[in-house]
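First to last, the sequence lines map onto chains C and W. All residue numbers for the first sequence refer to numbering that gives the first Met the number 0, where the first residue is 0 and numbers rise by one. All residue numbers for the second sequence refer to numbering that gives the first Met the number 0, where the first residue is 0 and numbers rise by one.
Note that these hints are calculated values from the structure, not bench results. Be aware that one or more of the hints could be misleading.
[Unchecked claim] Once the Cα atoms are required to be at most 25 Å apart in a straight line, the calculated DSS-like pairs of lysine-lysine come out as:
{"id": "1", "chain 1": "C", "residue 1": "K193", "chain 2": "W", "residue 2": "K104"}
{"id": "2", "chain 1": "C", "residue 1": "K188", "chain 2": "W", "residue 2": "K143"}
{"id": "3", "chain 1": "C", "residue 1": "K31", "chain 2": "C", "residue 2": "K96"}
{"id": "4", "chain 1": "W", "residue 1": "K143", "chain 2": "C", "residue 2": "K190"}
[Stated by the list, open to error] With beta-carbon atoms standing in for the labels, derived distance ranges:
{"id": "5", "chain 1": "W", "residue 1": "A26", "chain 2": "C", "residue 2": "R73", "range": "28 to 34 Å"}
{"id": "6", "chain 1": "C", "residue 1": "H124", "chain 2": "W", "residue 2": "E81", "range": "51 to 57 Å"}
{"id": "7", "chain 1": "W", "residue 1": "E81", "chain 2": "C", "residue 2": "P116", "range": "47 to 53 Å"}
Note that CB positions come from ideal geometry on N, CA and C, so glycine has one too.
Now for the letters of each chain:
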Amino acid sequence: MSQHAPDRLYRLVIDGAEYTTSDVTLTPRQLKGMASLDQQRVVFLQLPQGQERRLADDEVTNLNGNEIEAFITRDPAELVDIQHYRLQVDDTVYESKAPRITAADIRVIADLNTATPLFQLSGGHSRPVSDTEDIDLTLAGVEQFSTLVPVVPGDVHVTVTYTSNARTRSFQMPLTATVQQVVDEGYNKLKEAKRDGDSLFTGRPSRTSLTALLGLTLSDLQVQGLVHTEGHTLTFQLDIDAQMGGA
Amino acid sequence: MTAATHPLAEAFIDDFMANADWQRVAADWGWVIRRPGPLTLLVALRGLELPGVQNAFTLRLECEFCPSLPPNVRFVNPDTGEYDPNVDARHLARLTAPDCTTHEKYGFAPPYIYGPQLVCTSAGHGYYVSSHTPNEDQRWDPTKHSVGTTIQAVQRALVNPLYYQGRFGGV
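For reference, chain W alone in the conformation it holds in the complex:
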């Protein structure tokens, strides 16, 4: 990350926020998107309704790697906008989709600034620092993909009954 990359990263977020197609998708899903900093987004979204399980989640996207690499995406505590692995596991959705799996405590080596939570998708930065190798169709491509692609990858898993298994820390 260098200072010179930030204008590109900010413009990449600007493009997503201004894109009419993504605005329509966000409205359909009911995403509530906040931008607390120039390179950070907080996105409130919902998963399937499961008996006894709250289905509201919040994602935090850190976009300083964009556009050459995707944003880091993590589930966070909606009250703090942060994720403390010792107390916030209940805010992490248990996802097992082939293209979006969540890990509560992933063994990043070397340590990763946004670890230990890993939302493992090739639309998220953590994938590329955790010994995963995408094929050409899956690899992040800033000419085709957007910040919305990252949110969408999580959203798709959250509404798929085969892959959404509730929360890590109970209800």
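Isolated chain C, as found in the complex:
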């Protein structure tokens, strides 16, 4: 969240020169303005182990970390001559200057904490990768990774969203699980407490109230068309609405 004490200053480095700002978040557009650089230049966030990540001009970087954030900028024409290797984690594509990296490097590049599982996707299969594993990015195509635990056949991939803050978590449940058990696990994964007035719905955009269905199983919901099939995977989306004030 973008709050800071008004008197707090954040240090950052742009192309080797240090700057201070009272803004806790900055976009590349603002960074270039701060350093009086041509707005056409491309901004990269420097990461540990010599990695870097290209930033979109409207992408927000939070300066409130433990380190002094360092940025470098390049003329777009220079980029043609720089070899970058691409990898994809979930829906986002990243670039690495190094042709071989470890899974730990991928965590840094994609900003994943050490508790997040990481799987390499290949040929329709998914396999876990350890943090010390060496990964070759020079092979044809974009190396693809996922943080989603592969679904055991017969299980349902559940996505739960706490709608007032959009926080989303995924987990698996067997088709024999009741909706109440799915809801309980959803609160557990979200680390949210149940509150009076909470409402439960299937996911967007066609939301169906689950209040009267808590005793049914996911298998029952599949019959009602509320558990969906995506490829070989069964999916179920759960929205938990915390009641606001109003009227």
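Following the hints, put chain W in place on chain C, whose structure we already have.
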């Protein structure tokens, strides 16, 4: 509102716009979000389909109160981005949810810069200047809530058949 609060308010909007969870929610709902000014958002969104009623609406969020208080949220004419109570009532959804109710002409006292329309939700600024008192779970909390929370409060009511009653001014 002071000039010193604006960087915080802008950053609060920046956080929402860059948040991957909110981007996914926006895509699921089909929200089309524009930012005509640093502290203003216009959001096109849809309600339930009711017979003979157009279900496309536009919200205007004014965020200068953020992050300590929520944005003001109003339904507006999509062509002008504004709300004229004399001619634009048909652009206002009739919502009766316990946590999101719309009032065409609310009697703000003292007069409120964004009145007379009131989208009454504790995720909207108008709630806090209209003699409402939230409980602790409902109160705006910038460490938990976002600009998206405000849009979501309206969206939830717009798709609930119990609480979405069409438009104030007809179709």
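Verification of the supplied hints:
Note on K193/C and K104/W: the hinted pairing is violated, with a Cα-Cα distance of about 35 Å set against a maximum of 25 Å. For the hint pairing K188/C with K143/W, the CA-to-CA distance comes to about 17 Å; that is within 25 Å, so the pair holds. Taken as a hint, the K31/C and K96/C pair is honoured in the structure, with Cα atoms around 23 Å apart against an allowance of 25 Å. Between K143/W and K190/C the alpha-carbon distance is near 13 Å, which keeps this suggested pair within the 25 Å criterion.
A beta carbon spacing of about 31 Å between A26/W and R73/C agrees with the range 28 to 34 Å that was offered as a hint. Take H124/C and E81/W: their Cβ atoms lie about 55 Å apart, and the range 51 to 57 Å holds. At roughly 49 Å, the beta carbons of E81/W and P116/C sit within the given window of 47 to 53 Å.
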